[in-house]
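Here's the letter readout for the chains.
There are 2 protein chains.
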Amino acid sequence: MKTGQVTIKDIARHLNISPSTVSRALQDHPDISSETKRLVCELAARLKYQPNIVALGLKQRRTKTIGVIIPEIVHFFFSQVISGIEDVAYKAGYTVMICQSNEKYEREKNNALTLTAHRVEGILVSLSKETCDYEHLTDIQDNGIPLVFFDRIAPGVEADQVITNDREAAYQATCHLLEQGRKRIAHFAGPQNLVIGRERKEGFLQALSGAGSPSGSGLCVEADTFDKAFREVIRLREAGQLPDALFCNNDLTAIGAIKSIRALGLRVPEDIAVVGFSDGVFATISEPVLTSVDQHGFTMGTVATRMLLDRINNAEKELPFITKVIKGDLIIRDSSKLSLSSTQ
Amino acid sequence: MKTGQVTIKDIARHLNISPSTVSRALQDHPDISSETKRLVCELAARLKYQPNIVALGLKQRRTKTIGVIIPEIVHFFFSQVISGIEDVAYKAGYTVMICQSNEKYEREKNNALTLTAHRVEGILVSLSKETCDYEHLTDIQDNGIPLVFFDRIAPGVEADQVITNDREAAYQATCHLLEQGRKRIAHFAGPQNLVIGRERKEGFLQALSGAGSPSGSGLCVEADTFDKAFREVIRLREAGQLPDALFCNNDLTAIGAIKSIRALGLRVPEDIAVVGFSDGVFATISEPVLTSVDQHGFTMGTVATRMLLDRINNAEKELPFITKVIKGDLIIRDSSKLSLSSTQ
DNA sequence: TTGTACGCGTTATCAC
DNA sequence: GTGATAACGCGTACAA
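Taken in sequence, the protein lines are chains A and B.
Straight run, no breaks: the first sequence in my numbering ends on number 332.
Straight run, no breaks: the second sequence in my numbering ends on number 332.
Simulated from the structure, these hints should not be mistaken for lab results.
Incorrect hints may appear among the rest.
Which copy is meant is left open, because identical chains are indistinguishable; a pair holds if it fits in one copy or across any two.
Mimicking DSBU-like on lysine-lysine, the simulated pairs with C-alpha atoms at most 30 Å apart in a straight line are [said to hold, decoys possible]: (1) K312 with K47; (2) K97 with K52; (3) K312 with K97; (4) K79 with K52; (5) K47 with K325; (6) K79 with K312; (7) K325 with K36; (8) K171 with K92; (9) K97 with K(-3).
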């Protein structure tokens, strides 16, 4: 199917002038007579002429497009980040090409190739859960295309990064539980090959050891989905290992845990306090409303995009790589807060 | 910033052969000697050569790209649709360019221009809440670019469409409430300039009149967000108009209502049964879990994209426009279902 | 078997 | 003031 769109040539033919004259007239070039300009602009408007950005990109050797590789759009956090990305990109006259890895390494590699084939000027990446090898990404850099990681970064790869202060936020979240008088706090952790998974766990453990908590109290389990959390709570109960508080790697996990806890006839927060991470809509919808760390997804998107555009526009300068930290805010809600009575 | 990517010319220069030979070698053209092919392919691999899709698009006058205009990515339903779109598009070798209208008419007009400027071969659209005029979309069609509407269609515009059986599903949802013995059922409606808003309300009213319900029982209020629903429940209470059941235009609205109802010390579903629409994750996270109509967002995306690709690949044929209806499934959960006792 | 010429839409650089 | 030409990267009919 050929896009039957009007070109500069069409206008030139209609007016019996050359394409270059049309081009200049449209750009309000001083050399062109105002009469010609009028004629050209009128016809262009009537024919709804639009410059062909593809051709422009070819000529100018820059596509004014940036690429994004994310695990899944349907995750609220990522959709927020994308909104932030688009916001900044569009205002700067850039188009955004979004690719989903669906948490698959192979797919992520493909995404990288798709984007470079489209000659995007820069790429924003958040790693899939499977990704352990980063060659497909360093290849991009070798091609001279700037890369900015957000949230799920690649350790060891030299590049700009935007992250949450995961460890610190996890530390605070755990301290909050300790302050509530909780003794046996467990952690439902994310995949440990991701830095965010490790960092959050690390912060959790630090808080416990800082509290001089008895060894063995830091029960960590890898569970990062609603379903896994639901099952894990049941398993812990059967093993007689139910904690009195739970810090989860993300909100959906926390909510799965809450559902499971309640299904067992126990109460949140009275019997088990629960805290999530990466505050999205879920936290306020949950019952009870969920204490969580607000990761400011939209902001993360805007910051990352600005870094990328800076990098693109200063490609010559060999500026050092930057890591920006967006501070997560612990928002305390009912799922972890005892209003009056104490637990026993 | 110039994408310093390797071109066919670079390879040709290195090997002291002409660019066309390189081109043919890369395509495994029979005319080329296997020795030359080997040389070319080896060097191409070493240099990580990738064909410039932009240049190809220009030459072949087809960009292998489709555009999407949606209100907001952060809506779970829309993010599901996008996943479906990407799934089909990528398998067909198409790239997807996503634009958000942010529910603004002006922005939607801009999106349309951006996409045509990029010479996308077809466009998928779901209207913003503000949109009442459709010229920016018919302009696209006049340009010979196929258009497919999904979910939020433009009445009067001749184009392919994919929709939910909104009226019927709303009818069923309301009937379900009637079957539960509810007498005073209210509707929290969406914007009435959108067809889906009107249809869902229509279905609601039909069910009531079919039940020979007393006039005035069909209380309709325009409220389509969490906050509006929350406030509206309070207002109804103050006005002494609280219903015993509530059918909401979407899930988030339903959940806002539930939160408000509970804040008033009333129970769901015992005092007020609640039903939502467009079943997303929210429905299963809500407490109690929410009865809702599953709109099958992912499927809607795949179906719409297939229609669009068909249209693109059969541009010559003047096929009649098609409307596909994806049946919504009413999924009954705790928010509307009385297990044992009856209401009084 | 390989090279040359052309065109996709656009603009910068010459020429006139 | 305007027109012709070349170039961006690629594929292909045609020539050699």
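Evaluation of the provided hints:
In this assembly of identical chains, K312 and K47 lie within 30 Å of each other by CA distance neither inside one copy nor across copies; the values are 35 Å within and 42 Å between. Taking the closest pair of Cα atoms, K97 and K52 come within 30 Å of each other both inside a single copy (22 Å) and across two copies (20 Å). When the C-alpha separation of K312 and K97 is checked against a cutoff of 30 Å, the pair qualifies only within one copy, where the shortest distance is 25 Å, while the shortest distance between copies is 35 Å. Both within a single protomer and between protomers do K79 and K52 lie at most 30 Å apart by alpha-carbon distance, with minima of 12 Å and 25 Å respectively.
Taking the closest pair of Cα atoms, K47 and K325 never come within 30 Å of each other, the shortest separation being 61 Å inside a single copy and 64 Å across copies. When the C-alpha separation of K79 and K312 is checked against a cutoff of 30 Å, the pair qualifies only within one copy, where the shortest distance is 22 Å, while the shortest distance between copies is 36 Å. Neither within a single protomer nor between protomers do K325 and K36 lie at most 30 Å apart by alpha-carbon distance, with minima of 61 Å and 56 Å respectively. For the homomeric pair K171 and K92, neither the shortest alpha-carbon distance inside one copy (38 Å) nor that between copies (51 Å) is at most 30 Å.
Taking the shortest Cα distances, K97 and K(-3) sit within 30 Å of each other only across copies (26 Å), while inside one copy they are farther apart (40 Å).
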